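The task is simple: from the sequences and hints, build the whole structure.
One line per chain: the protein sequences are A and B, in this order.
FYI, the working numbering numbers position 333 of the first sequence as 333, with every residue one higher than the one before it.
Counting the second sequence from 1 gives a position; the working numbering is that position plus 420.
In case anyone wonders, no lab produced these hints; they're calculated from the structure.
Here the structure is a predicted model, which means the values were calculated and not measured.
Hints may be right or wrong, so weigh each one.
Pulled from the structure, derived: some chain B residues nowhere near chain A, Cβ distances all over 10 Å [to be verified]:
1. Thr426
2. Phe485
3. Pro615
4. Asp624
Once the Cα atoms are required to be at most 30 Å apart in a straight line, the calculated DSS-like pairs of lysine-lysine come out as [to be verified]:
5. B:Lys483 / A:Lys90
6. B:Lys483 / A:Lys115
7. A:Lys183 / A:Lys302
8. A:Lys386 / B:Lys465
9. A:Lys407 / B:Lys483
10. A:Lys183 / A:Lys262
11. A:Lys143 / A:Lys115
12. A:Lys368 / A:Lys262
13. A:Lys386 / B:Lys483
Some chain A residues flagged as far from chain B (calculated, every beta-carbon gap over 10 Å) [as the list claims (entries may be wrong)]:
14. Phe69
15. Ala72
16. Gln81
17. Glu145
18. Lys329
19. Gly337
20. Lys343
21. Gly357
22. Glu365
Cβ coordinates follow ideal geometry from the N, Cα and C atoms, glycine included.
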Amino acid sequence: MNKRLVGAVTLGLAAALVMTACGSEDPAGGGGGAAGGAVTLKLVAADYGDGPTAENSGEKFWRGVVDEFQAANPGIRVDVQVINWNDIDKQVATMVQNGQVPDILQTGDYSGFVKDGLLYRTDEVLSPNTSADLLEKFADFGKVEGVGYGIPFVSSARALFYNKALFAKAGVAEAPTTWDELKAAAEKLKASGVSQPFGLPLGNEEAQAESFLWFMGNGGGYKDASGAWAIDSPANVEAFRYLQGLVKAGLTTPNPGTKNRKDVWADFAAGKVGMVNGGPMSIPIFEKGGLTDFGVAPIAGKTGPLDTTLGVEDWIMAFNKNGRKEEIKKFFDFFYGGTAAQKISDTYKLLPVTKSGIEKLSSDEKLKPFLDALPNATFYPFQDPKWSEVNTQIKQTIGSAIDGDPKAVLGAIQKTATAN
Amino acid sequence: MQQTFTPGRVVRALAPLAWIGPAVALIAVVVVWPVVVMVQSSFLKISRFGVVQGSNGFDNYTKLFAEPDFGGVMARSLLWVVAVVGLTVTLSLGLAQLFDQRFPGRRFARWALIAPWAASVLMTSIIFKWMLDPEVGLINMIRRHLGLLDALGGADADPLGNAATAMPWLVFVAVFVSLPFTTYALLAGLSAIPPDVYEAARMDGASRLRTYWSVTLPLLRPALVVATLINVMNVFNSFPIIWAMTHGQPGYSTATSTVFMYILKGSDIGESAAMSVVNFGMVIVLTIVFLRVSKWRAEVS
Chain A
1 MNKRLVGAVT LGLAAALVMT ACGSEDPAGG GGGAAGGAVT LKLVAADYGD GPTAENSGEK
61 FWRGVVDEFQ AANPGIRVDV QVINWNDIDK QVATMVQNGQ VPDILQTGDY SGFVKDGLLY
121 RTDEVLSPNT SADLLEKFAD FGKVEGVGYG IPFVSSARAL FYNKALFAKA GVAEAPTTWD
181 ELKAAAEKLK ASGVSQPFGL PLGNEEAQAE SFLWFMGNGG GYKDASGAWA IDSPANVEAF
241 RYLQGLVKAG LTTPNPGTKN RKDVWADFAA GKVGMVNGGP MSIPIFEKGG LTDFGVAPIA
301 GKTGPLDTTL GVEDWIMAFN KNGRKEEIKK FFDFFYGGTA AQKISDTYKL LPVTKSGIEK
361 LSSDEKLKPF LDALPNATFY PFQDPKWSEV NTQIKQTIGS AIDGDPKAVL GAIQKTATAN
Chain B
421 MQQTFTPGRV VRALAPLAWI GPAVALIAVV VVWPVVVMVQ SSFLKISRFG VVQGSNGFDN
481 YTKLFAEPDF GGVMARSLLW VVAVVGLTVT LSLGLAQLFD QRFPGRRFAR WALIAPWAAS
541 VLMTSIIFKW MLDPEVGLIN MIRRHLGLLD ALGGADADPL GNAATAMPWL VFVAVFVSLP
601 FTTYALLAGL SAIPPDVYEA ARMDGASRLR TYWSVTLPLL RPALVVATLI NVMNVFNSFP
661 IIWAMTHGQP GYSTATSTVF MYILKGSDIG ESAAMSVVNF GMVIVLTIVF LRVSKWRAEV
721 S
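Okay, here's the thing in C-alpha cells:
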C-alpha cells in the first residue's frame with residue numbers, strides 16, 4: 001500500500017511541476033522556413049473578426065489576401081498566424097523571447113520593439129508610392145525620434161451611439177451634450193424601464209479607452225499639456241466621481257469594473273442599453289444583433305460635447321531578424337496598392353489610413369461622423385515607453401475606482417507611470 | 421577485489437537505462453527544463469515585448485513583493501485552496517458513501533457524476549458565467565421567477581461583479597469540477613475495504629457513526645491523502661475558472677496567484693516569472709505541510 005502511495009505522490013508532484021511550469025511557457029507557433037527554394041514569410045496578425053469560426057474571421061481575410069499575393073508572386077510563400085486581441089501581446093512577447101520572431105507583425109503597438117533594434121525602418125520596406133499615400137498625421141505617429149518604424153494599418157474614432165427607439169419611449173428628444181444632460185437622459189431611460197441607461201465597460205478588455213473618453217470630457221487625459229503623466233489629476237478624479245454617481249444611481253452597466261465592451265455592445269444591440277460609446281467597428285455588431293435604429297453623436301463632456309475624440313491606430317511592422325526586406329516590401333506594396341487595404345475597412349468597418357482609402361469612403365453616410373472626427377482625434381500616449389506597462393495596469397485596475405477611492409486607484413497607476 | 425570490465429558486465433549495467441531512459445528524458449525535457457527556464461527568467465530583465473535585457477538580480481522579486489496587491493493575492497490563494505479542497509473532500513466523502521450503497525439507478529448516477537469531469541473546465545466556467553449574466557443569465561431568471569430578484573440588469577443580478585459575491589460562485593464552480601475525481605478516488609478506496617472488518621465491528625456492537633470513524637476513515641486514509649493532495653495542487657494552480665468568470669476583477673479582488681502571474685506577464689515578464697517561482701515554492705510547501713499533518717507514512721494499524 002505504502003509503495004503505491006509513494007508512487008502516487010511522486011506522480012502528483014511531477015504533475016504539480018508540469019502545471020506550474022505551464023504558466024511560464026506558452027507554446028509559440030512554429031517558425032517558417034524556405035520550402036522548395038521559395039522564401040516563406042511569417043505573418044502574425046490580430047483578429048478583427050468574431051473569432052476563428054466566424055464568417056468574418058481574420059484567418060479567412062488573410063487567407064484571401066495571401067492567396068492573391070502568392071498567385072502574383074510565385075517565389076514567395078506567406079504563412080499566416082492570426083491571434084485574438086487578448087493573447088497577441090503575450091504570444092508575440094514569447095516569440096521574441098524565444099528568437100522566433102515573425103517577419104511581419106500586425107497589432108496595436110510597435111514602439112516597444114524599436115528600442116532594441118528589432119524592426120526595419122519604414123523607408124526600407126515601403127516603396128515611395130506607398131508611403132506617399134499614407135496620411136502624414138498617422139505616419140508621424142509611427143515615428144520614434146523622427147524615424148518611421150510603425151506603418152499605419154487601420155484606424156478608428158469614437159462617438160456616442162444611442163438607441164432612438166428607447167430615447168423616444170423615454171421622452172428624450174436629443175442625444176445629451178453635457179454630463180448633466182446625460183444624467184437626466186439616463187434617469188428618464190431608467191424610469192421608462194431600460195435596465196442599463198448608459199453602457200459603461202470598464203473591464204479589462206478596453207478600460208483604457210472608456211476612461212480616456214471620460215477624462216477628455218473634463219479636460220483631462222493620461223498626460224498633461226507638457227507631456228508629463230497626469231493620471232491622477234483633479235480633472236480625472238472628478239470624472240470618476242461623476243461616474244460613481246451614475247453607477248450608484250443604477251444608471252449604468254452594473255459593476256462596470258468587470259464588464260467588457262464586447263458584452264456591453266451586445267447588450268446595446270439587444271436593446272438593453274440606452275447609449276454607449278462606440279466606434280465604426282461597432283456598427284456591424286449592432287446591426288448583426290438586430291439594431292439598426294441608432295443615432296451617432298459627439299461624446300458628451302462636462303460642459304459641452306467633445307471637440308476631440310479618442311483615435312486608435314493599429315500598426316503593421318517588419319522585423320529585420322530574417323533579412324527578408326525585399327519580399328516584405330513586395331507584400332506591403334501589394335497590400336496597400338491593391339484591394340486588400342480597402343477590403344479590411346469594408347469588412348470590419350475600420351477607417352483607412354491612406355489618402356486614397358479615405359477618399360473612397362467619404363460618401364459612406366454611416367462612417368462620415370467618424371471620418372470627420374479623425375483629424376481632431378487624440379491618441380493614447382503610446383510613443384512613451386512606459387505606456388504598455390501603464391496600459392496593462394489601467395485595464396486591470398481602473399474599474400475599481402468606481403467602488404473605491406478614485407484618487408487612490410488613479411494615484412497607484414500614476415505611480416507606475418512615473419516610476420523609473 | 422579487482423573489478424574487471426568485461427563487455428557483458430557493461431551491457432548488464434547499462435541495461436536498465438534502456439528501460440528508464442525514455443521516461444528520464446521525458447521528465448527532463450517536459451518537467452525539469454521548463455522549471456530551469458522559469459527560475460532563470462525570474463532573475464532576468466525582460467521587456468514587455470520579450471527582449472531579454474540582461475540580468476536583474478533580485479529586483480524582480482523586490483518589485484513583486486512591493487506590489488500593493490501581492491499580500492491580498494497570496495492570502496486569497498490560500499483561502500481559495502482551503503475552501504475548495506475542504507468542501508470538495510467533505511462532499512466527496514458523502515457522495516462516495518452514497519455511491520457505495522446498492523440502489524436502483526446506481527450505475528446511471530455514477531455515470532452522471534462523470535459529466536463535470538468530462539467537460540472542459542473552461543467550458544464549464546464560461547457556461548456558469550453566462551448563467552450568471554445580469555441581463556440574460558438563466559440562474560438570474562430563475563431567481564427572478566422565484567421572487568428573489570427585483571429586476572434583471574442591475575447590480576443585484578450581477579453576482580460576479582463584486583468580490584464578496586463572486587468568490588462563493590468561483591468556489592462553487594471549482595468544487596463542482598473537482599467532485600468527480602475526488603469521489604471516484606474515495607469510492608475506489610471504499611471498495612477496497614474488506615467486508616469482514618465491518619462484520620467484526622458489528623459483532624463488537626459498534627454504532628454506525630463509530631464504525632465510520634474507527635473503521636472506514638482509517639482504512640480510507642491512503643485514498644483520502646492522495647485525493648486531497650492532488651486536489652491541493654490542482655486547485656492552487658487552477659487558472660481557467662477565475663480567468664473565464666472574472667479575470668480577477670474588479671481590480672485584483674478575485675485574483676489568485678496564478679491569475680496574478682498571468683496578468684503580470686502583460687507588463688513585466690521577469691516579475692511574472694518571479695511570481696511563478698513563488699507559486700511553485702508555495703505548492704511544494706503546501707504539499708510538505710500537508711504530508712506532515714496527515715502523517716501519510718504512518719502505517720494503518
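*asked:* I'd like to know which numbered hints this structure contradicts. Please list them from smallest to largest.
replied: none
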